[in-house]
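**Q** Now for the letters of each chain:
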Amino acid sequence: MNGPGLVPYLITSALLFGIGVVGVLSQRNAVMVLMSVEIILNAAILNLIAFWRFVRPDNFDAQVFAIVAVTIGAVEMAAGLGLMLLVFRQRGSTNVDQLQELKL
Amino acid sequence: MSGLIEWILFLALSVLAVGMAASMLVTMSMYRAGLALMSSFVALAGLFILLNADLLAAIQVMMNVGGMLVMVLFMVMLMMDPGGEMMWDMKRKMHMPGPGALSMTMPRGAPPSGKERQHHQMMVDMAMSTAQLPWALALGAASALVLIVLVVRTPWPFSSVQPTQDATGAVGTLLLSRYMLGFEGAAFLILAGIAGAVIFARRERAPTSRPAAATAASGTKIFTCPMHEEVRQSGPGQCPLCGMDLTPATEASVHHGEGGGSA
Numbered sequence: 001m002n003g004p005g006l007v008p009y010l011i012t013s014a015l016l017f018g019i020g021v022v023g024v025l026s027q028r029n030a031v032m033v034l035m036s037v038e039i040i041l042n043a044a045i046l047n048l049i050a051f052w053r054f055v056r057p058d059n060f061d062a063q064v065f066a067i068v069a070v071t072i073g074a075v076e077m078a079a080g081l082g083l084m085l086l087v088f089r090q091r092g093s094t095n096v097d098q099l100q101e102l103k104l
Numbered sequence: 001m002s003g004l005i006e007w008i009l010f011l012a013l014s015v016l017a018v019g020m021a022a023s024m025l026v027t028m029s030m031y032r033a034g035l036a037l038m039s040s041f042v043a044l045a046g047l048f049i050l051l052n053a054d055l056l057a058a059i060q061v062m063m064n065v066g067g068m069l070v071m072v073l074f075m076v077m078l079m080m081d082p083g084g085e086m087m088w089d090m091k092r093k094m095h096m097p098g099p100g101a102l103s104m105t106m107p108r109g110a111p112p113s114g115k116e117r118q119h120h121q122m123m124v125d126m127a128m129s130t131a132q133l134p135w136a137l138a139l140g141a142a143s144a145l146v147l148i149v150l151v152v153r154t155p156w157p158f159s160s161v162q163p164t165q166d167a168t169g170a171v172g173t174l175l176l177s178r179y180m181l182g183f184e185g186a187a188f189l190i191l192a193g194i195a196g197a198v199i200f201a202r203r204e205r206a207p208t209s210r211p212a213a214a215t216a217a218s219g220t221k222i223f224t225c226p227m228h229e230e231v232r233q234s235g236p237g238q239c240p241l242c243g244m245d246l247t248p249a250t251e252a253s254v255h256h257g258e259g260g261g262s263a
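Going line by line, the protein sequences match chains F and C.
Those letters in the first sequence? Residues 1 to 104, per this note's numbering, in order.
Those letters in the second sequence? Residues 1 to 263, per this note's numbering, in order.
For the record, the hints were derived by calculation from the structure and aren't laboratory data.
C-beta atoms are modelled at their ideal positions from N, C-alpha and C, and glycine is treated no differently.
There could be a bad hint or two in this list.
[Said to hold, decoys possible] Here are some, though not all, of the chain C residues that point toward chain F, as calculated from beta-carbon distances under 7 Å:
{"id": "1", "residue": "ALA21"}
{"id": "2", "residue": "LEU25"}
{"id": "3", "residue": "LEU37"}
{"id": "4", "residue": "MET63"}
{"id": "5", "residue": "SER129"}
{"id": "6", "residue": "LEU137"}
{"id": "7", "residue": "VAL171"}
{"id": "8", "residue": "ILE190"}
{"id": "9", "residue": "GLY196"}
[Stated by the list, open to error] Restraint-style ranges between C-beta atoms, simulated for each label pair:
{"id": "10", "chain 1": "C", "residue 1": "VAL149", "chain 2": "F", "residue 2": "ARG89", "range": "41 to 51 Å"}
{"id": "11", "chain 1": "C", "residue 1": "ARG178", "chain 2": "F", "residue 2": "ASN95", "range": "40 to 50 Å"}
{"id": "12", "chain 1": "C", "residue 1": "ARG108", "chain 2": "F", "residue 2": "ASP61", "range": "42 to 52 Å"}
{"id": "13", "chain 1": "C", "residue 1": "LEU191", "chain 2": "F", "residue 2": "ARG89", "range": "32 to 42 Å"}
Between the sequences and the hints, there should be enough to build the whole structure, so can you do that?
**A** Dropping the structure here:
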């Protein structure tokens, strides 16, 4: 019996992506939105690695790309948290519905 | 590794990854949401190991799980009610349907009148998701479904080559030869991220020409409820609406409140 192939990994990744989309579209708290974006990013990285393993296991470009993507995710989280800290200090909440000061 | 064990590990890890990501969205507590996301990341690292990408699994645990740890810490410090105890208590007192551990959703329909109105307002304040939750659910399910159908119906090219054991060495060589520029770019990005986060989060110095705050002028501090901005009193105490401890009103909210009152 063979282990799971490419398709089961891609299905897991698609489910993670769907959950991330729900979170980004529905959450009110900016920190929760950031966390949902992280889920989407991780689904994409899982895709990359699954394709590397089952399509071109002799070529490690995909792993390099995935490492850079993980780095970008970490930086995004750090900068996002810094922004949220700033917003929280100024307004006392990180509710994205209330960030409408630029509206006329 | 035999195929059956691999299947069992794969199913357990992917159910954990997907289930924890989903429970991040339904739990009423931000702290638990952070922990759920962290365990989803750890399960993903396990999937990476199953895919023979050990180096990436290590990086995933170090960067994402470590990052989540900091995020959870921030949540405990910043969010009011990070453990969700207050929300749980309110749900029980108001006899709301559903298990208390699930997050509050936006109440439906027009706000009722009378005593119920206050309950309605509290539910609106405490809701974790917007009123567009059904649309978001439909869109998320639709996108996942479309992706799954595409994935299943596409004839993927397949290679039966087993990856070499020394993936770490190969990736390291690539990073320092062909992808040197990307490597340095990522390093520069981290530096810029650190600098940016520090600048964002730096505490502003008090400007000398600070407008005299109402609190300073009258000599008393105004206290307000973190949930209900309209609650104001001149000393510490508890909010008459929700019973939370009052906090000193910030200058911005004082001005905001006064402007709203006089308009």
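**Q** Determine for every hint whether it applies to the structure shown.
**A** Each hint tested on the structure:
Hint status for ALA21/C relative to chain F: holds, with the closest Cβ pair at about 5 Å, below 7 Å. Using the Cβ-Cβ criterion of 7 Å, the hint placing LEU25/C at the interface with chain F is satisfied: the shortest such distance is roughly 5 Å. For LEU37/C, the interface hint holds, since its Cβ comes within 7 Å of a Cβ in chain F; the closest pair sits about 5 Å apart. With a cut of 7 Å, the hint placing MET63/C at the interface with chain F holds, because the nearest CB-to-CB distance is about 4 Å.
With its C-beta approaching chain F no nearer than about 4 Å, SER129/C sits inside the 7 Å limit, and its interface hint holds. Here the hint on LEU137/C is kept, as its CB sits about 6 Å from the closest CB of chain F, short of 7 Å. Interface restraint check for VAL171/C: the shortest CB-CB distance to chain F comes to about 5 Å, inside 7 Å, so the restraint holds. Annotation: ILE190/C was flagged as interfacial toward chain F, and the flag holds, the nearest CB pair being 6 Å apart, inside 7 Å.
Residue-level restraint check for GLY196/C holds (minimum Cβ-Cβ distance to chain F is 5 Å; threshold 7 Å). Look at VAL149/C against ARG89/F: about 46 Å separates their beta carbons, and that is inside 41 to 51 Å. As the Cβ distance of ARG178/C to ASN95/F is approximately 46 Å, the hint placing it in 40 to 50 Å holds. For ARG108/C paired with ASP61/F, a C-beta distance near 50 Å keeps the hint of 42 to 52 Å intact.
Checked against the hint of 32 to 42 Å, the C-beta distance between LEU191/C and ARG89/F comes to roughly 24 Å, which is inconsistent with it.
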